[in-house]
Amino acid sequence: MAGMSGRMSTVIKAKVSKLLDRAEDPGETLDYSYQKQLEALQNVKKGIADVVTAKKRLGMQASKLEQSVVKLDTQARQALAAGNEELARTALERKQFAQTELQSLDTQVAELQSQQDKLVDSEKRLRTKIESFRTKKEVIKAQYSAAEAQVRISEAATGVGEEMADVGLAMQRAVDKTDDMKARASAVEELEAAGTFEDLTQLGSGQDDIDRQLAQLGAGGEVDDELAKMRAELGMGAPAAEPEGLEAGEPAPPATPGTPGEEKA
Amino acid sequence: MIVRIMGEGQYKLSEDCLERVNVLDNAGVAAVEANDEPAFHAAFEELLEIIRKEGEHLGDEELETSDVIVPPADTSFAEAAAEFSGEGLIPD
Numbered sequence: 001m002a003g004m005s006g007r008m009s010t011v012i013k014a015k016v017s018k019l020l021d022r023a024e025d026p027g028e029t030l031d032y033s034y035q036k037q038l039e040a041l042q043n044v045k046k047g048i049a050d051v052v053t054a055k056k057r058l059g060m061q062a063s064k065l066e067q068s069v070v071k072l073d074t075q076a077r078q079a080l081a082a083g084n085e086e087l088a089r090t091a092l093e094r095k096q097f098a099q100t101e102l103q104s105l106d107t108q109v110a111e112l113q114s115q116q117d118k119l120v121d122s123e124k125r126l127r128t129k130i131e132s133f134r135t136k137k138e139v140i141k142a143q144y145s146a147a148e149a150q151v152r153i154s155e156a157a158t159g160v161g162e163e164m165a166d167v168g169l170a171m172q173r174a175v176d177k178t179d180d181m182k183a184r185a186s187a188v189e190e191l192e193a194a195g196t197f198e199d200l201t202q203l204g205s206g207q208d209d210i211d212r213q214l215a216q217l218g219a220g221g222e223v224d225d226e227l228a229k230m231r232a233e234l235g236m237g238a239p240a241a242e243p244e245g246l247e248a249g250e251p252a253p254p255a256t257p258g259t260p261g262e263e264k265a
Numbered sequence: 001m002i003v004r005i006m007g008e009g010q011y012k013l014s015e016d017c018l019e020r021v022n023v024l025d026n027a028g029v030a031a032v033e034a035n036d037e038p039a040f041h042a043a044f045e046e047l048l049e050i051i052r053k054e055g056e057h058l059g060d061e062e063l064e065t066s067d068v069i070v071p072p073a074d075t076s077f078a079e080a081a082a083e084f085s086g087e088g089l090i091p092d
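Top to bottom, those sequences are chains D and S.
Here the first sequence is numbered in our numbering, starting from 1 and rising by one per residue.
Here the second sequence is numbered in our numbering, starting from 1 and rising by one per residue.
Just so you know, the hints here were simulated from the structure itself, not pulled from any lab data.
A few of these clues could be false.
Unchecked claim - Dumping the calculated DSS-like pairs for lysine-lysine here, alpha-carbon to alpha-carbon at most 25 Å:
(1) S/Lys-12 <-> D/Lys-46
(2) S/Lys-53 <-> D/Lys-124
(3) S/Lys-12 <-> D/Lys-136
Stated by the list, open to error - DEER-style ranges, computed between Cβ atoms:
(4) D/Ala-183 <-> S/Lys-12: 20 to 28 Å
(5) D/Tyr-144 <-> S/Asp-36: 49 to 57 Å
(6) S/Gly-86 <-> D/Glu-66: 31 to 39 Å
(7) D/Met-60 <-> S/Glu-79: 29 to 37 Å
(8) D/Ala-146 <-> S/Glu-45: 28 to 36 Å
(9) S/Glu-19 <-> D/Glu-222: 35 to 43 Å
(10) D/Asp-121 <-> S/Glu-45: 15 to 23 Å
To be verified - In silico contact screen, one side only, chain D against chain S (beta carbon under 8 Å); selected entries:
(11) Lys-118
(12) Ser-122
(13) Thr-128
(14) Val-160
(15) Asp-166
(16) Gln-172
(17) Asp-180
(18) Ala-183
(19) Ala-187
Here a beta-carbon is modelled for each residue, glycine too, at the ideal position from N, C-alpha and C.
Bound-form chain S, shown alone (with noise of 0.2 Å):
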């Protein structure tokens, strides 16, 4: 699976390691919903340091198209309201 964070360059993942990350998705899908900041930015960074953590890199020459899109890393609260819905980045 490739995942792309934006403004950051994109990561090959294991389907362990994005197994990982979807729970940490629906984490940040759920506190959206209960309107929780703090346990929003909390699941995002974690996901974020995960896909950095354990991807793979991919070299910036590689035109691959990723699986999945990851907002920036300093997404906003009121930002990541669009984007941490329903199912949230990975669908379930």
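For reference, chain D alone in the conformation it holds in the complex (with noise of 0.2 Å):
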């Protein structure tokens, strides 16, 4: 059971002797293995930017929906004290999604988290594996004959190739990820335009794709309850009549006390 295998053994191993292979003089190998190890470096660099940036622009999103969850209730709690409950109901619908955008989120951003602590875990060992190649090869290059540092380039060139090889895939499934988390963030954008969060004051073109995206949400359940506890906490009893006229998605302002058919947009 001696020796390697595996896929991922023999795929390191053929990187390692390609780059291996591109030098035949010794001090060449050593100066060209250093130079690749350099670039690898500052491509980890880049990578782990590239993630901090992602999940920065995570971050924003989620701030910004944090920010419509407390309104959309605020404009609820309004419309429900004011007896206009159709016009709680949507704020509530809208929340409701506003909520399950802000847990997908939060889950990406712990997400990219860890794949960012695991590049600058990677991208350390690299570095001080670099750091320790670069003082054996003065030392190969003024101690030994020429076929003797070959041989002693091979081993100490091809143990930082493995490091590479190793950053290489951890580079690759993290930006996997963040490619994953970035077309997330834009399909989020494009709800923000169409005005999915938006508060009820705010309604304008797009209302007609809110409905059906509001409607495909089946969240009618949680909004009935939410309703009922809304109800209790401003001390009303069993709903109302419902009001005829305020459509969901009308605009109008949240605190419009509900008079039914007299409703203006």
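Fit the two chains together into the complex; they arrive one by one in their own frames, and the hints show the way.
This is how it looks when you write it as structure tokens:
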């Protein structure tokens, strides 16, 4: 059970030997390897910066959504206090949607944080190895004949090469995750642009789209529960007769008392 | 024997320890073949734990080549299918 096996080992071995094949002269191999190592290190730093940027973007979206949740909750209360249950319901549906998005964003931010931590660790390991290689390379150049040097260089370069391949995979995984998150961030931005999370005073164009999305949510039960809770908190009894006229999504100030039949945009 | 866990670094393992890792490696292969995801994760996690706990962590400044390379801890079941096949990570 000795020796390397598994596809991962094979891939890494191939990558490392490709790296070493480039130069025949030991001195050249050393400098070429070292140069490649430094490039790899730069790439890792760039990768970390990308993850940080993606994380910040998601974080900003999350704080916007948090504000929306608070605002929509306040508006639902105001609408209910004014006896406009339809408007309260619409606000709560939006709030639910915003909350769902928020949860998903939080998970993704945590995921990116973990990718970032891993890359930072990898970067540190690679940096230490490269530094070790740099020291070793000077010793090899000074102390050994060409033939001996070749062997020792191969060993040392293979050791660093393996670390580079390892970091390379960590980077690839981070890039894949970050790309997913970027796509996700764009999707949330589109929803924002469509007014999905906007408060009810700012409803404008695109409301048909919003209504369709809300209908798909199936959050009715939870909204009913929350409405009942709010009613209780406001010291109100069972729902009054449903006020007419105010369609969900119709532009209306949040605190307008619901006067059935006379509602205007 | 030097074992690398991708994304975590290298460990020096005794023959005895590697033997136990090999048993779990084979269990991982069997789980992948049986399409048994929970069994795979159980075997894989135990394998990683043995390496981390009983292996001697190699300093980052060491320039040693690994004898065995273990995929990263967050390897998915689908990814595992490519690694844990045939003789697994460690040839028998």
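- request: Go through the numbered hints given earlier and state which of them the structure violates, listing their numbers in rising order.
  value: Of the numbered hints, 1, 4, 6, 8, 9, 16, 17, 18, 19 do not hold.
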